[in-house]
Amino acid sequence: MPAFCCRWRMGRFFFIKKIRGLVLRWARRSLLLLTLVSLLYLLHNNSVYDSPPSRLSPDRRRLALSVMHTETPQAHAGSMLYLNSTITNVACSGLLSRRILNTTQLKTFLDILGPFAYDPRKHSERTSRDKGFCEDLQMKRGFYRWPVTQQEEEFPLAFSFKVHKAPDMFERLLSVLWRPHNFYCIHVDFKAPHDVFSHVENISRCFPNVVLTPTRLDVKYASIVSLQADLDCTKLALKSPVKWKYHVSLCGQEFPLKTNLEMVQLITALNGTNDVENYAPSAYFAALSYKYKSVISNGVNKQTNVSKEPFQHKEVAIRKGSAYNTLSRPFVEWVLSFDQVSHDFLEWLNGTWAPDELFWATLSYRQGAPGGPGMEVRHDTDSVLTKAVNWRWDAYKCRGIFAPYRSSCIFSSLDLPWLLKRHELIANKFDSHLDSTVLDCLELELERRAIAGYLEIRSALITSGSANISGSAGQGSRSSVLSMNASRFAVGSWPVVSSLNWTFYRSLPTFQ
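At position 161 of the sequence shown (counting the first as 1) the number is 221 in my numbering, and the numbers step up by one without a gap.
If you're looking for bench data, these hints aren't it; they were derived computationally from the structure. Hints may contain errors.
As the list claims (entries may be wrong) - Calculated pairs, DSSO-like style, for lysine-lysine (alpha carbon to alpha carbon, straight line, at most 27 Å):
1) Lys251 / Lys362
2) Lys280 / Lys295
3) Lys225 / Lys280
4) Lys200 / Lys225
5) Lys351 / Lys280
6) Lys380 / Lys351
7) Lys305 / Lys295
8) Lys380 / Lys295
9) Lys362 / Lys225
10) Lys380 / Lys368
11) Lys353 / Lys380
12) Lys380 / Lys305
13) Lys280 / Lys251
14) Lys351 / Lys368
15) Lys362 / Lys374
16) Lys380 / Lys457
17) Lys353 / Lys374
All chains should be built: construct the whole structure from the sequences, respecting the hints.
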């Protein structure tokens with residue numbers, strides 16, 4: 061009997077202990093689940109940094125009003141442009157207010173977002189398989205969400221792109237830059253995988269003002285082929301029915317820092333001048349580039365020890381610059397159609413290293429060149445308008461990573477404050493597979509400024525009663541162009557406009 065009682069008490073003790081352990085484990089898990097649900101609720105209502113949780117966030121309120129006033133399938137489809145725009149807004153708010161200061165904090169925050177964050181690769185795969193590719197692309201990417209002013213329509217631009225990978229990145233870039241009155245040309249590298257070319261080709265078929273070059277060149281870094289790809293697009297631009305004013309060259313891994321209206325205002329202020337980086341090359345670069353012949357060997361443009369004959373036109377000073385520039389139409393026509401020296405120079409550049417960094421810079425600096433700046437323009441003096449690039453040796457230290465075998469920064473979300481202070485039109489470069497949040501934030505800021513600029517012009521139109529007001533920036537010197545951004549394009553309260561409400565943009569009329 062005593063042994064039985066002992067065993068019974070021991071059994072009851074372990075049974076109670078097991079039950080107590082299960083209850084405590086359930087309580088801890090419930091508390092953790094409740095904490096996660098609360099956090100997601102706060103994120104969903106955009107209240108972590110700015111909004112009190114008891115109030116409807118501005119994004120959700122605008123979306124609700126949009127759906128209430130536009131009961132169409134397009135309105136609801138537009139709300140899918142970004143599946144979790146409010147979460148992105150929270151991340152952007154933290155980055156711009158510097159509440160997120162380092163990579164550890166950023167990684168922790170993005171880990172919390174987890175599967176709720178927007179994945180461009182999934183979007184690209186989804187649209188590639190759809191039968192209604194163009195409709196799906198235009199709706200989900202929001203090509204028509206940008207308001208267009210009369211000033212923009214009267215000052216069309218031409219854009220050319222060199223693409224060799226990341227079709228989702230290019231798709232996003234084009235959706236931000238595209239306007240129905242501009243012209244767009246794409247060269248897809250011959251080495252690009254078939255799915256990359258197929259995806260870009262499908263995109264080009266959706267818009268009458270987007271074309272592919274008929275010939276795909278096998279582009280080698282720092283070779284004449286890279287320059288030829290640019291020239292192929294430039295020639296197509298001259299043949300297009302769009303009477304563009306300026307030509308802007310890009311690659312597929314860049315992203316704009318200015319809205320189309322802001323670009324037009326800044327480029328208009330150039331007053332016909334080309335924006336081409338140019339300066340006298342160093343002795344080291346001259347020896348590397350054109351003092352000796354270069355040949356393509358094993359897919360790489362390599363220098364030989366064979367001396368190269370000097371350029372036959374002795375009066376032409378060789379200048380160093382960038383491969384990516386903003387060129388006036390008269391200058392492009394002069395180079396490609398009328399000027400014999402330009403043709404001779406192009407032939408001479410075959411067999412040099414990085415000819416695309418010599419061609420436009422040298423010709424733009426020539427006496428009598430249309431739109432020639434007549435001055436030295438350098439990246440390190442912040443006098444270039446086209447492209448913001450952060451090199452390894454620049455004063456600003458990249459918060460992302462440096463491209464393999466290159467010295468240029470691949471920007472991360474932590475570079476946002478620096479990017480939004482820049483005066484340039486475009487930033488190079490980005491990788492949406494490494495960090496898509498920086499692109500989310502830039503796109504949201506561009507949307508905010510696009511609608512703000514439109515409403516500013518609309519207000520001026522109503523006040524003056526004149527239909528000719530288009531928010532022109534006027535014309536002036538290069539220094540006035542570069543100083544325009546300090547006050548006019550400053551980052552305001554975040555965010556004013558949401559990607560979710562792109563259908564609102566489509567309802568805004570174009571000024572006539």
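Quick rundown of the hints versus the structure:
no., hint, in the structure
1, Lys251 / Lys362, "19 Å, holds"
2, Lys280 / Lys295, "21 Å, holds"
3, Lys225 / Lys280, "14 Å, holds"
4, Lys200 / Lys225, "21 Å, holds"
5, Lys351 / Lys280, "20 Å, holds"
6, Lys380 / Lys351, "14 Å, holds"
7, Lys305 / Lys295, "14 Å, holds"
8, Lys380 / Lys295, "23 Å, holds"
9, Lys362 / Lys225, "24 Å, holds"
10, Lys380 / Lys368, "18 Å, holds"
11, Lys353 / Lys380, "17 Å, holds"
12, Lys380 / Lys305, "25 Å, holds"
13, Lys280 / Lys251, "10 Å, holds"
14, Lys351 / Lys368, "5 Å, holds"
15, Lys362 / Lys374, "26 Å, holds"
16, Lys380 / Lys457, "24 Å, holds"
17, Lys353 / Lys374, "19 Å, holds"
In terms of the numbered hints stated before, the structure departs from none.
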